[in-house]
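Read top to bottom, the protein sequences are chains A and B.
Sequential numbering of the first sequence, starting at -15, is according to the numbering used here.
Sequential numbering of the second sequence, starting at -15, is according to the numbering used here.
It should be emphasised that the hints constitute simulated quantities derived from the structure, not laboratory data.
Be aware that one or more of the hints could be misleading.
[Claimed, not checked] Computed Cβ-Cβ distance ranges for the label pairs, DEER-style:
(1) Arg269(B) with Glu(-6)(A): 47 to 55 Å
(2) Arg357(A) with Asn255(B): 38 to 46 Å
(3) Ser(-10)(B) with Val336(A): 37 to 45 Å
(4) Asp344(B) with Glu(-6)(A): 38 to 46 Å
(5) Gln58(A) with Thr306(B): 38 to 46 Å
(6) Ser244(A) with Arg269(B): 20 to 28 Å
(7) Leu346(A) with Thr121(B): 32 to 40 Å
Remember, it's a predicted structure, so these values are computed and weren't measured experimentally.
Note that beta-carbon positions come from the ideal geometry of N, C-alpha and C, so glycine has one too.
2 protein chains.
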Amino acid sequence: MSAAGSLDPERAARVVLSRVGEPGEPRLTGLVTELGAEAVLASLRDQGANGELNDDLAARLADVDPRAELERAQAQGIRFVTPADDEWPSALDDLAHASSLHERGGVPVALWAKGPGRLDELTGSAVAVVGSRSATTYGASVAGEMGAVLGETGHAVVSGAAFGIDQAAHRGALAVRGPTIAVLACGVDRAYPAAHRQLLDYIADVGVVVSEAAPGCAPTKIRFLARNRLIAAMSHGTVVVEAAIRSGALNTASWAAGLSRVLMGVPGPVNSAPSVGVHQLIRTRGALLVTDGHEVLEAVAPVGRHTVGRLQEPARPRDLLTPSQRQVLDAVPLQQGAPAGSIARAAGLSPVRVQETLADLLSGGFVEHAAGRWRLAADMG
Amino acid sequence: MSAAGSLDPERAARVVLSRVGEPGEPRLTGLVTELGAEAVLASLRDQGANGELNDDLAARLADVDPRAELERAQAQGIRFVTPADDEWPSALDDLAHASSLHERGGVPVALWAKGPGRLDELTGSAVAVVGSRSATTYGASVAGEMGAVLGETGHAVVSGAAFGIDQAAHRGALAVRGPTIAVLACGVDRAYPAAHRQLLDYIADVGVVVSEAAPGCAPTKIRFLARNRLIAAMSHGTVVVEAAIRSGALNTASWAAGLSRVLMGVPGPVNSAPSVGVHQLIRTRGALLVTDGHEVLEAVAPVGRHTVGRLQEPARPRDLLTPSQRQVLDAVPLQQGAPAGSIARAAGLSPVRVQETLADLLSGGFVEHAAGRWRLAADMG
Chain A
-15 MSAAGSLDPE
-5 RAARVVLSRV
5 GEPGEPRLTG
15 LVTELGAEAV
25 LASLRDQGAN
35 GELNDDLAAR
45 LADVDPRAEL
55 ERAQAQGIRF
65 VTPADDEWPS
75 ALDDLAHASS
85 LHERGGVPVA
95 LWAKGPGRLD
105 ELTGSAVAVV
115 GSRSATTYGA
125 SVAGEMGAVL
135 GETGHAVVSG
145 AAFGIDQAAH
155 RGALAVRGPT
165 IAVLACGVDR
175 AYPAAHRQLL
185 DYIADVGVVV
195 SEAAPGCAPT
205 KIRFLARNRL
215 IAAMSHGTVV
225 VEAAIRSGAL
235 NTASWAAGLS
245 RVLMGVPGPV
255 NSAPSVGVHQ
265 LIRTRGALLV
275 TDGHEVLEAV
285 APVGRHTVGR
295 LQEPARPRDL
305 LTPSQRQVLD
315 AVPLQQGAPA
325 GSIARAAGLS
335 PVRVQETLAD
345 LLSGGFVEHA
355 AGRWRLAADM
365 G
Chain B
-15 MSAAGSLDPE
-5 RAARVVLSRV
5 GEPGEPRLTG
15 LVTELGAEAV
25 LASLRDQGAN
35 GELNDDLAAR
45 LADVDPRAEL
55 ERAQAQGIRF
65 VTPADDEWPS
75 ALDDLAHASS
85 LHERGGVPVA
95 LWAKGPGRLD
105 ELTGSAVAVV
115 GSRSATTYGA
125 SVAGEMGAVL
135 GETGHAVVSG
145 AAFGIDQAAH
155 RGALAVRGPT
165 IAVLACGVDR
175 AYPAAHRQLL
185 DYIADVGVVV
195 SEAAPGCAPT
205 KIRFLARNRL
215 IAAMSHGTVV
225 VEAAIRSGAL
235 NTASWAAGLS
245 RVLMGVPGPV
255 NSAPSVGVHQ
265 LIRTRGALLV
275 TDGHEVLEAV
285 APVGRHTVGR
295 LQEPARPRDL
305 LTPSQRQVLD
315 AVPLQQGAPA
325 GSIARAAGLS
335 PVRVQETLAD
345 LLSGGFVEHA
355 AGRWRLAADM
365 G
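Bound conformation, chain A alone (with noise of 0.2 Å):
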């Protein structure tokens, strides 16, 4: 789309609405959905006309420029996405009929988006990790390979580019040349926290950065409140890795099982503060424990696409025993031995036949033989 084009009305008054309304803002969200933007700009505008609005709203509708915001926008290398374009993704309309949290909610009037991933296709199979500002080592090592095993398989992170786990996940995704989504609670051409220009610049080169909120906006409370929302909704799955209890990665799961996402959580030391929260949604609020990015995959793909192989140790020479080697070798004391003949009686098998076995067992080192007396070999114990 070329901003010195026509522009449609629909889409310059979601222009509008972005540039003064305040992300996630219920009410509007919900007007917008039901009559379109350009209903609820009239509206608004000629409640501005009659004094019915706060004469500074009134003043804000008058002031924007659709065209010049969109040319600015441009300028930046951002774009403006609303859900008439073919990139939006499409699973945020689950929005519509969510419950608010917090008194945010509903589907965006639009998005602000910066960088060459194309949202319709990396939600199509994205994964949202998130957790503490206040990680582990732990908990960033685990989120990071999680990014990476996702970022391998094609599943875009989405993340929300804070410290700790979030900066983790991304990272993992982006060493992997993988796909990697930060959606933030500021403008797109903003970094929040500033420490993260770097890999903001980055991902935005790579992947995309995305905001409801408008170029140049701030990040506030309620805004990261109503990005949570969008984190949860843009993915199949929520993993939170670390989160302590008042954790805003909490408010994020919160929306995901809003959503009916599946929400997951990677467990900890029960004596870790930042993964409480974690084993508190496992406990309470039904997430699945995931262990790595291979079972989250699982637990997120459509029904066979992907199946964690069960995990066991490598075959022991054990399971190359026949029934009746087992079944000498199951009575052979651990600790202090015994002769052949009370092993056969423990074994129920004759004296002769568990000699027989029992010189096998040695032979394959199993079993260990001393002074008359039969023990289990140091490390079978």
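Put chain B on the given structure of chain A with help from the hints.
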């Protein structure tokens, strides 16, 4: 019961079968539950007389002198407990209806017990705490804490006296003078592992050491498998603290599940091998994730008897703010700050009111003010 008194024939038969049979041999336990020990023993003796038994077994059946067995045991402070005794832990009778595992199963023919603890009383509210012999410091510490919480609340800690988790759980209970039951795979007069001689002596002094295997019997692999079913059956629930993929604790967990006991698991770092089996129990076997003894009590206790308070951090000053103060605070940018007018717009409140509120928030330490811009105080982000 004095061994010198008259000896009930059913009781005498159980002594003989306990001495010559293998613990948990399911044909034997099944027949004894169905027909009684006297009938089973009579039938075995008939078979012996007809040459239908292996000579050795026939000879041993003839050799056992039940009265002498009981006298020897009594001299060592060991008592013989059968379903006819008041002390019999009736929870074990559930084993009559559970499927065999690894060819072990059924209600024990009898138990041999040592120590002042009464099995019927202690198992009324007992909890099994089991896990890996190769426990980590973390796992041992969690098991010890859990043992202490259970012990303090009068719940007997049932475990296997093995290295690692088992011993930590017993010691946790002992440290608070709580009741504990060690269930052995060998005779209660033996110490396995030998390094736990002192621990077992202490448990026999203040709690109870119990086994299905007759005094003198050595620990064998099948006896461990038989033993695990008793640990699970004697307890209202089983907590697995750490367990690698092939840990014997997972066998105990299978028994707990098969007996419809509460199965619980303590999470740990996903990259810790001894936590892998526990995570698998939680993921695939429906084990309840528990993080401390209080959560264990909540899970095993009758509804309403124990309720864990919802974990939460102490209230922050923020919780004392009025709704409109919070509304303003939520609109204050985290990073670079904003003028009051911009915050008023974001909050949807009048600039005058916002200005006043910001002053309140400043005096409360919630926000900072510099160069005409307001931002969140450093510790509020």
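Check your understanding: Are Ser244(A) and Arg269(B) spaced within 20 to 28 Å by their CB atoms?
Key -> holds (25 Å)
Check your understanding: Do the Cβ positions of Asp344(B) and Glu(-6)(A) conform to the proposed distance bound of 38 to 46 Å?
Key -> holds (42 Å)
Check your understanding: When you take the CB atoms of Leu346(A) and Thr121(B), is the distance between them in 32 to 40 Å?
Key -> holds (37 Å)
Practice item. Indicate whether the distance between the beta carbons of Arg269(B) and Glu(-6)(A) respects the range 47 to 55 Å. Key: The hinted range 47 to 55 Å holds for Arg269(B) and Glu(-6)(A), with Cβ atoms some 53 Å apart.
Point to revise | Distance restraint hint 38 to 46 Å, applied to the beta-carbon atoms of Arg357(A) and Asn255(B) | key: holds (41 Å)
Practice item. Take the C-beta atom of Ser(-10)(B) and the C-beta atom of Val336(A), compute their distance, and say whether it sits inside 37 to 45 Å. Key: holds (43 Å)
Practice item. Can you let me know if the beta-carbon spacing of Gln58(A) and Thr306(B) is within 38 to 46 Å? Key: Check passed, 43 Å falls within 38 to 46 Å.
Comparing the model with each earlier hint shows no violations; every hint is respected.
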